[in-house]
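So the chains spell out like this:
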Amino acid sequence: MASSKEKIIGPKRSLWEVNLRDIWDYRELLYFLTLRQIKTKYKQTAIGVVWVVLQPLLTMAIFALIFYRVGNFDTGGIEVYPFLFSTLMLWTFFSSALNSGSLSLVSNANMISKIYFPRFLLPLSLALAGLLDYVISWGVFILIMIATGEVFSSWMVFIWVPLALSFILVNGLTFLFSAMAAKYRDVQYIVPFFTTLLLFASPILYPLNAAQDPMLRSIMTLNPLAGIMDAQRFFVFGRPEMDLTVFASSIVVSIVVFAIGLLYFKKYERELADVI
Amino acid sequence: MLPAISVRNVSKQYFIGTGAYTAAGSRLTETITNTIRHPILTVKGMVGAKESFWALRDISFDVREGESMGIIGRNGAGKSTMLKILSQITYPTQGDVVLRGRVGSLLEVGTGFHPELTGRENVFLNGAILGMTRKEIRGKFDEIVRFAEVEKFLDTPVKRYSSGMYLRLAFAVAAHLESEILIADEVLAVGDQQFQAKCLGKMKEVYREGRTVIFVSHNMHAVRSLCESAILLKNGRIAAMGAANEVIDEYARSLETANVEFPVEAKDLTVEALDIVQNGRDTNIIDGGRPFDIIIRFRLPRDMEKLRMGVYVNNALGDEIVRSFFSDWDVSKEDIKAGSHIARLSFPGKLLVNGAYTITMGAKRQGSIDLLAGHRIERSVNVAAPTDFNSGGLVDPYQAAVILDREWELD
Numbered sequence: 000m001a002s003s004k005e006k007i008i009g010p011k012r013s014l015w016e017v018n019l020r021d022i023w024d025y026r027e028l029l030y031f032l033t034l035r036q037i038k039t040k041y042k043q044t045a046i047g048v049v050w051v052v053l054q055p056l057l058t059m060a061i062f063a064l065i066f067y068r069v070g071n072f073d074t075g076g077i078e079v080y081p082f083l084f085s086t087l088m089l090w091t092f093f094s095s096a097l098n099s100g101s102l103s104l105v106s107n108a109n110m111i112s113k114i115y116f117p118r119f120l121l122p123l124s125l126a127l128a129g130l131l132d133y134v135i136s137w138g139v140f141i142l143i144m145i146a147t148g149e150v151f152s153s154w155m156v157f158i159w160v161p162l163a164l165s166f167i168l169v170n171g172l173t174f175l176f177s178a179m180a181a182k183y184r185d186v187q188y189i190v191p192f193f194t195t196l197l198l199f200a201s202p203i204l205y206p207l208n209a210a211q212d213p214m215l216r217s218i219m220t221l222n223p224l225a226g227i228m229d230a231q232r233f234f235v236f237g238r239p240e241m242d243l244t245v246f247a248s249s250i251v252v253s254i255v256v257f258a259i260g261l262l263y264f265k266k267y268e269r270e271l272a273d274v275i
Numbered sequence: 000m001l002p003a004i005s006v007r008n009v010s011k012q013y014f015i016g017t018g019a020y021t022a023a024g025s026r027l028t029e030t031i032t033n034t035i036r037h038p039i040l041t042v043k044g045m046v047g048a049k050e051s052f053w054a055l056r057d058i059s060f061d062v063r064e065g066e067s068m069g070i071i072g073r074n075g076a077g078k079s080t081m082l083k084i085l086s087q088i089t090y091p092t093q094g095d096v097v098l099r100g101r102v103g104s105l106l107e108v109g110t111g112f113h114p115e116l117t118g119r120e121n122v123f124l125n126g127a128i129l130g131m132t133r134k135e136i137r138g139k140f141d142e143i144v145r146f147a148e149v150e151k152f153l154d155t156p157v158k159r160y161s162s163g164m165y166l167r168l169a170f171a172v173a174a175h176l177e178s179e180i181l182i183a184d185e186v187l188a189v190g191d192q193q194f195q196a197k198c199l200g201k202m203k204e205v206y207r208e209g210r211t212v213i214f215v216s217h218n219m220h221a222v223r224s225l226c227e228s229a230i231l232l233k234n235g236r237i238a239a240m241g242a243a244n245e246v247i248d249e250y251a252r253s254l255e256t257a258n259v260e261f262p263v264e265a266k267d268l269t270v271e272a273l274d275i276v277q278n279g280r281d282t283n284i285i286d287g288g289r290p291f292d293i294i295i296r297f298r299l300p301r302d303m304e305k306l307r308m309g310v311y312v313n314n315a316l317g318d319e320i321v322r323s324f325f326s327d328w329d330v331s332k333e334d335i336k337a338g339s340h341i342a343r344l345s346f347p348g349k350l351l352v353n354g355a356y357t358i359t360m361g362a363k364r365q366g367s368i369d370l371l372a373g374h375r376i377e378r379s380v381n382v383a384a385p386t387d388f389n390s391g392g393l394v395d396p397y398q399a400a401v402i403l404d405r406e407w408e409l410d
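These protein sequence lines map, in sequence, to chains A and B.
The opening position of the first sequence corresponds to residue 0 in numbering that gives the first Met the number 0, with each subsequent residue numbered one higher.
The opening position of the second sequence corresponds to residue 0 in numbering that gives the first Met the number 0, with each subsequent residue numbered one higher.
Bound-form chain B, shown alone (with noise of 0.2 Å):
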């Protein structure tokens, strides 16, 4: 039997400056002095391509009818691209893409929706959005408010609804679309835990169904929990394909891109490891949910005093958010005998908001002189968002380093 979706040698080709890497419309005036000014080389199209590059590589992959398949890979690998290409958004350079069956992509729920209408009106016009006929709308229409929870609002306009009301009801819409293939953005991330986990369950339901899934997210444990396969993308190429739980762990390990071989010997100080251990295991792959252990192996040739030694926290963009020393609580800590020593910190779940950190030791001695002076020791670890988490979801995203592991009492 032909695969459900055949993406043959597809590449995707953006010029920086005219394409969408520039924030606004590029001006006519610059086409008009460019053609006044290089006349024949405008003709030709030399002229404004300055630069490019390449979003993505010769892709070529097949997904079998009833296959849900993964796409996984760090920001910027190209998972957006192709998932536009796939969702016929936007279009190859080169090569093509085949997909046999009705197909449903949902890159955002709520496309479409406008504030000043009611919720009944959205439910109809983001479902022709989707590509739902009216007849199948009114067939479902009971099911998407029910599974929505917004009975009672249903003749409101949305801009009255409550983030959490606006995302149950954009989801309920997308997740009665009957599609043969779906494609799906991380639209798993709405609303609160108890909703989270019901679309998760709409998720695996569709896919029980035998229907055919492309699911593109940052979150393995959804990813492992939905697909049976997945391809890992690195910069616009297939760097890993095969089975999910493969293809996830070859991600886990590509996040190591600092290699620091061990042991890191210094003048005044060898570091025999750092590791980051959960579930005790060391691992690339965090659960912001729960606790994890720093651990440090490390070696003094001699007693030292004064020491400050610890790790620091940088979040993706380079901000420190964490520095914690051995001493911090307790300054006798500052002083150290010669030999081996396993310093081990326990660092708090539900702090870091996901994403990509760089844990880095640090070592000083009387607060100027490094002792790990020419050497870098770091570690890069991918931070998922705990599970219980309520975001806000799409609508209200957070911007904030930290989260809080404390509730609001709330009388």
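So that you can see chain A by itself, here it is in the shape it has in the complex (with noise of 0.2 Å):
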């Protein structure tokens, strides 16, 4: 709003018509709105940060123990523990993303109902707010690599591809999620299940190469998430080989998904104070 010397109001706006204008005007919106959540995130818990890390190690130690100790999947020789941990503090960040950011307009209708502001902050703060989370988590992973005796493989230095990857679906999914919550509150309940199936319908907790079946092969390449986390593990252990049409394909799904969910989001966006 800072500067913009003549604005009109009126019903009908362009679908195509994204204002940049907007988005630098409302930049410090922005940086408040994601110190507000990492600020009070975990106020009055009584581990604070510790939830950051507690969430995939827990997840992680359930894995390890259960499923790799009785089923017996084969790691390409990696450490079964740093092997989950590579991909859960990956997921950790892209699904509390999506929880969160897929209510944030909800959460958030009072101050949808009064005032103006780009309502695409909202979710997208919460993505960006996220990204501690993970940068912390590595922390831990890198004392689980340590303590494991595996070795960071030259790949690393692409390791924020796949966390790029994963900001790009991320928004996309929660833009579309959170404007269809505003007039469908049925998405709240959707999407903890939609969660729970990308978890397994996703190479987080073994390696990609485990679905061989052809029918589990072309889930594998139209799910966006099972080439970021391949390409995740890839990046961080060198091995095992990363399967680049599953990689070259959730690139532009992601794309795809991004797109999708923004005009959507641009769709409705001036309706939201009248239906949230």
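Heads up, none of these hints are tricks.
In silico DSS-like cross-links for lysine-lysine, where the CA-CA straight-line distance does not exceed 27 Å:
(1) A:Lys42 with B:Lys158
(2) A:Lys38 with B:Lys139
(3) B:Lys197 with B:Lys349
(4) B:Lys158 with A:Lys38
Bear in mind the hints are in silico, worked out from the structure with no lab data behind them.
Mind docking these for me? Both chains are given alone in their own frames, and the hints should help you get the complex.
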């Protein structure tokens, strides 16, 4: 709002018009919303920030103890704990951003009905706040690597790529779900279920090459998280060999999901205060 | 020079059932079943849009740069919708609004305040939500804190603040917003008397600085003291527009819903007038802080006994707040001689909370015979809250039917 000289508020606006000026004008609000999320997330919890790493750690422990002792998956020679944690920490970022972001408009309904600001700042700020948690869990991951004697591969220079793809994908999904949730409260029941489904339908707890069945294979190609998780593991350990078809597909699907989410959000953004 | 705000033929339509008038979000199943049952109609948008109404219809007005304009009207007249359109929260169905200059809108104070954050953190967050830059907030920080009188509690989470402190801080941030156009809802109704005066002063200062102000309020005294012009909305249309004083008088006249034609001649009773008098004149707008008179002029054709005559006061929800009869404290006033009479009641101030009331005359004989059978004698009045009453403001709105003109003693 800062310096725009003349503003016209009318009934229609083109779907394609993305107001870049708005984004720039409201960059400080994005900063403060992200800060608010970071500062308040673990307030009044006894162990605070420990929760950030406890979630992937506990999931790792459960799956390492039960499934890998019983099920005997092939990790390609990688120690089980770092094998699981490398993808679980990215998954924790993805799933918590997805869940909180999808409800971000509903839970800030009061703000939306009282003041104008670009609405997508709400889901976006939650995803940005989640990045800090991800960085913190890297500290724990490095300790796990050292303790288990695993070494980082030289592919580590690309470790930001799976993160960037997850970020794009999760924002596309939260744009879509948060705008839908404003109108249809059903979304808040669907998203947790969808999240659980994604966890098991993606190579997070198992290697991608465990899915050899043709049907599973095509699911992996369509599921953008498959390529992301496979790449995450490869860039950390340098093995097992990356599936480039699945990876290329996940880049395309992530971008398509982002575009669909953004367009849907833009289409319903102006109605939000009326329906929420 | 071009006006700061131009509103051109603005209309806003809501769909009942799918829009703002449903309590929660609509269900997906409804859409799905509709789509399955009426696939073609759904695509054409003919199902689901069952009923609609126009919250605003063909609204056009201009606000000059530096002008301060009030928007008044009864609940449901479209004031809030107009405010939301001007604030870009919702969009018009037809027509458009042109705003020339930086806009600050205050539909409530403390939007986005987080109870777990400290006062300092909330000032920056709320400032950013209102559109201030970090640099601006930092520059005004000391002034904001001094205005809010919370210096000692800056690093305390606001959930530990009293409601007064909370509101003062929230208003202080809003008051220091430097916008060329200020759009404000009844944010003045916050805090204690002293702080309210300070808020009103700050608003006047904003206006004197030559900034454009749009102010929506139920408080006619505040509108009168703050605005030079006003528009009156009625059922989504502009009912009057012009100088604030004239529009407020027009509003007062429009409150007389039931236009009772005096004298009312019933079989055994003629009522010549039901007057509501404050400041020596008959009025529909009452300052709730001071007493007013209810005066009934009537004539009896013959001597009558066991009369129970007086008034009922009902609030906007229809609840009976007061029943007051001539004979409440003196049984001899049940018997009234033939001829003309004037009954006068001094109704105490500081009793009714602000809002719309109906004052209805009642007259019965022997408890059951209605002397006014078939006639309804009533007046609609609007009571403004006593200016020195500390309502607790927005965080803790009072729900009671009456207030007491009594102070607690606290040792």
